[in-house]
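Chains Z and L, in that order, give the protein sequences.
Reminder that position 95 of the first sequence reads as 95 in the numbering used here, one-by-one numbering, no gaps.
Plus 1000 on top of the position in the second sequence (first one is 1) and you've got the numbering used here.
For the record, the hints were derived by calculation from the structure and aren't laboratory data.
Incorrect hints may have been included.
[Claimed, not checked] Once the Cα atoms are required to be at most 20 Å apart in a straight line, the calculated EDC-like pairs of lysine to aspartate or glutamate come out as: (1) L:1010 <-> Z:220; (2) Z:71 <-> Z:261; (3) L:1160 <-> L:1109; (4) Z:71 <-> Z:280; (5) L:1160 <-> Z:113; (6) L:1010 <-> Z:280.
[What the hints assert, rightly or not] Listing some non-contacts, in silico: residues in chain Z with all C-beta distances to chain L over 10 Å: (7) 31; (8) 66; (9) 71; (10) 98; (11) 159; (12) 162; (13) 166; (14) 170; (15) 172; (16) 228; (17) 249; (18) 265.
[As the list claims (entries may be wrong)] Chain L is nowhere near these chain Z residues, computed Cβ spacing over 12 Å in every case: (19) 47; (20) 67; (21) 70; (22) 76; (23) 78; (24) 91; (25) 94; (26) 95; (27) 161; (28) 169; (29) 243; (30) 251; (31) 261; (32) 313.
Bear in mind the structure is a predicted one, so any value in this text is a computation, not a measurement.
We treat Cβ as the ideally placed atom computed from N, Cα and C, and that holds for glycine.
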Amino acid sequence: MAATVPPTGLSQQAAPLKRLTGAARGDQLFRLVLTICAIVIPVLLLALVLMLVRGAAPAIARFGLGFAATKTWDPVAGQFGAFPMIVGTLLTSLLALLIAVPLSLGVAVYLTEFAPGFLRRPVAMVIELLAAIPSVVYGLWGVFVLIPLLQRAVFPFLRSLLGFLPFFQGAIYGPSVLAASIILAIMIMPFIMSVSREVLLAVPNSQREAAMALGATRWEAVRTAIIPYARSGIVGAVILGLGRALGETMAVTMLIGNRHDSSMSLFAPGYTMAAAIANEFNEAATPMHYAALTYVALLLFVITVLVNAAARLLIWRVSRGGVSGAKAE
Amino acid sequence: MNRRTLRRVKSNVMVGIMASAVVVAVLPLLFILGSLLLRGASSLSLAFFSQLPVPAGETGGGVLHAIVGTLIIVGIASLLGVPIGVGAGVYCAEYPGSRLALVTRFVADVMNGTPSIVVGVFAWTVIVAPQHHYSGLAGSAALAILMIPMVMRTTEELLKLVPNSLREAALALGYARWRTTWSVMLRTALPGIVTGTLLAVARIAGETAPLLFTALGNQYLSFNPNAPMAALPLVVFTYSIGPYEEWHQFAWAAALVLILVVLVLSIAARMVTRERFGAYRD
Chain Z
1 MAATVPPTGL SQQAAPLKRL TGAARGDQLF RLVLTICAIV IPVLLLALVL MLVRGAAPAI
61 ARFGLGFAAT KTWDPVAGQF GAFPMIVGTL LTSLLALLIA VPLSLGVAVY LTEFAPGFLR
121 RPVAMVIELL AAIPSVVYGL WGVFVLIPLL QRAVFPFLRS LLGFLPFFQG AIYGPSVLAA
181 SIILAIMIMP FIMSVSREVL LAVPNSQREA AMALGATRWE AVRTAIIPYA RSGIVGAVIL
241 GLGRALGETM AVTMLIGNRH DSSMSLFAPG YTMAAAIANE FNEAATPMHY AALTYVALLL
301 FVITVLVNAA ARLLIWRVSR GGVSGAKAE
Chain L
1001 MNRRTLRRVK SNVMVGIMAS AVVVAVLPLL FILGSLLLRG ASSLSLAFFS QLPVPAGETG
1061 GGVLHAIVGT LIIVGIASLL GVPIGVGAGV YCAEYPGSRL ALVTRFVADV MNGTPSIVVG
1121 VFAWTVIVAP QHHYSGLAGS AALAILMIPM VMRTTEELLK LVPNSLREAA LALGYARWRT
1181 TWSVMLRTAL PGIVTGTLLA VARIAGETAP LLFTALGNQY LSFNPNAPMA ALPLVVFTYS
1241 IGPYEEWHQF AWAAALVLIL VVLVLSIAAR MVTRERFGAY RD
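Whenever a hint applies, use it, and build me the whole structure from the sequences.
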């Protein structure tokens, strides 16, 4: 398979004929091994998709695409609809972005543009360590530290302040959509921060210098010359964070309260796709229940693949310099 | 004049806001580490590392079974994932223009973002369901799938950093191409690849979701990877959602051990590259 002599030309000309055969055979073998390794990755993805589709087939055949729009989730009656958990997944992820994006952009810009040199690396490293903390530890912390704090102090305050909005009304439970969103925000912040930091580092200095030379203040330079230049990369970073948030499982499972229902109030418990799989997969009693959960996994997979592919394309465009100065108005 | 002052004030205010964002962003880490130390450290003792869990209601016990389980599961996952990841990374760096390299690179990026729970469902469908029993091996396979794209991308990125003159020098001296890649390119990039691999190991060591319905967990010391197996993240999860106060205490201690492992791995990983590649970065 693809075992041709690599087209360097160099090794062919340099070696005498006899040694060439040995070297060429080594090269062929080497390339073959590498090719197999490289093929494994797309094959795995294909297998993943195929097995998920196969596992979900009974549910796909029975419920079709209406699965995503149906509200009932009744394993006993064999009725399954994923609407509340899809809404829960999107809602928690978007809320998490709402909290995490301004914070992480602030940090990224500060670290690349303003921070004193000795601070830059250590702070970036500390925040990246946040990304190393396992999800389940966030969950543990969320259950025993964050939720009591939110329940006692933050939620009542929010309700008295914003209680006129339907999102902040109703009984205050500990485990809730808002609690899950907050833990998600903490978890995705390091990703958004470190990717947008890299994008900002890739902005050429001439961009900064030009703005400064025209008399811009440091903030104006950031706003008019640097951020527009890095915009699509930053959008990529945000979408990447979204991808993380959509698939995040353990911490959300532990904090969201796991209720098959969607309510306007952010103080109420909810459900996400990943949490439903984590909670119910081992306890699934009927083949249809398995199939429905696999269907949920398939939908989750498709959503995250689309989101990630979009993010990668955007980041690629920047790091390849494809947009170059064109984006800076 | 007045307008200029205003602009300068605005600029300073914005910089101040961003600086405070840094404080807000660093706080959770301190908060989490603080809680872990406060609640977990008191339960750490020699017994915690050398004993098995006790039945509910009794105090004491340890997580030896989970430490052994995590070592075995992560070890097998690394044995599966690292060679394939490095091989694929070398392929993409050596034949960057080939169609397979483009496809592999893109797929790896996409897989890097695949939810780990989905990979868990996949491993269950492929390994657990046909075998009719949970196993540590199935967990290892799921973790390896998560690991391959990470290792692959770092390997490729680091090989790209190796100066081309090194490759040319080796080829000019009559090295075969594979020899050049193996003993010049890979050797030069080795510290970075070690870093990337350690980071990947650190990440999968903390993964819980893919193990839920593959390795499942186990209350006993087991060295058999073809049977259900305990792992530290699973212990943290099971004990933290349990109803007993002693269990929660146990979960905090296990989480502290887990995070020490993960943080030591990731800090060590960063230290390895610092010396070698510090000059190329930033």
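If you check each hint against the structure, which ones fail? 5, 6, 7, 17, 19, 29, 30, 32
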